[in-house]
Amino acid sequence: MVGGRMDLVLDVNQHGAHCVLGVRGEIDVSTAPRFRECLIGLVNDGHRQVVADLSEVDFLDSVGLGVLVGGLKRLRSHEGNLSLVCTQGRILKVFEITGLDTVFTVHASVAEAVAET
Numbered sequence: 217m218v219g220g221r222m223d224l225v226l227d228v229n230q231h232g233a234h235c236v237l238g239v240r241g242e243i244d245v246s247t248a249p250r251f252r253e254c255l256i257g258l259v260n261d262g263h264r265q266v267v268a269d270l271s272e273v274d275f276l277d278s279v280g281l282g283v284l285v286g287g288l289k290r291l292r293s294h295e296g297n298l299s300l301v302c303t304q305g306r307i308l309k310v311f312e313i314t315g316l317d318t319v320f321t322v323h324a325s326v327a328e329a330v331a332e333t
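The letter at position 46 of the sequence shown is residue 262 when you use our numbering, and the numbering goes up by one with no holes.
Treat each hint with caution, since some may be false.
[As the list claims (entries may be wrong)] Between beta-carbon pairs, the in silico distance windows are:
| no. | residue 1 | residue 2 | range |
| --- | --- | --- | --- |
| 1 | Ser278 | Val225 | 19 to 25 angstroms |
| 2 | Asp244 | Arg264 | 24 to 30 angstroms |
| 3 | Ser325 | Leu226 | 17 to 23 angstroms |
Quick caveat, the hints were computed from the structure, so don't treat them as lab data. Note that the Cβ used here is the ideal one computed from N, Cα and C, for glycine as well.
Assemble the whole structure, with the sequences as input and the hints as a guide.
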């Protein structure tokens with residue numbers, strides 16, 4: 217952490233047919249481009265069932281939401297899907313307020329998300 221700010225950490229793991237993208241830190245205007253490039257890279261590498269684990273995301277702004285929506289559209293255009301793992305109330309609230317909780321499938325754990333077919 218520099219100056220009280222946490223950088224974005226992205227970890228990619230394969231869980232059967234699912235690619236799990238672990239996200240830690242803040243998704244904002246400064247980190248969103250790297251997050252976007254990672255999602256695009258996963259799709260370009262042939263991943264179709266992607267789970268974004270946001271359980272360790274401390275902050276998510278409208279730019280970050282835009283990256284998630286863009287990733288979902290990109291995956292759906294390739295017959296894939298982007299589902300989310302989100303356990304933090306304030307992040308869940310962002311999805312509820314924006315109505316995106318009806319667009320994304322939001323799970324309580326990675327195990328629950330990868331059990332989805």
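The hints, checked one at a time:
Between Ser278 and Val225 the beta carbon distance is about 21 angstroms. The supplied range of 19 to 25 angstroms therefore holds. Distance hint check: the CB atoms of Asp244 and Arg264 are about 28 angstroms apart, consistent with the given range 24 to 30 angstroms. Taken as a hint, the range 17 to 23 angstroms holds for the pair Ser325 and Leu226, whose Cβ atoms sit roughly 19 angstroms apart.
Going down the numbered hints, you'll see the structure goes against none, and every one checks out.
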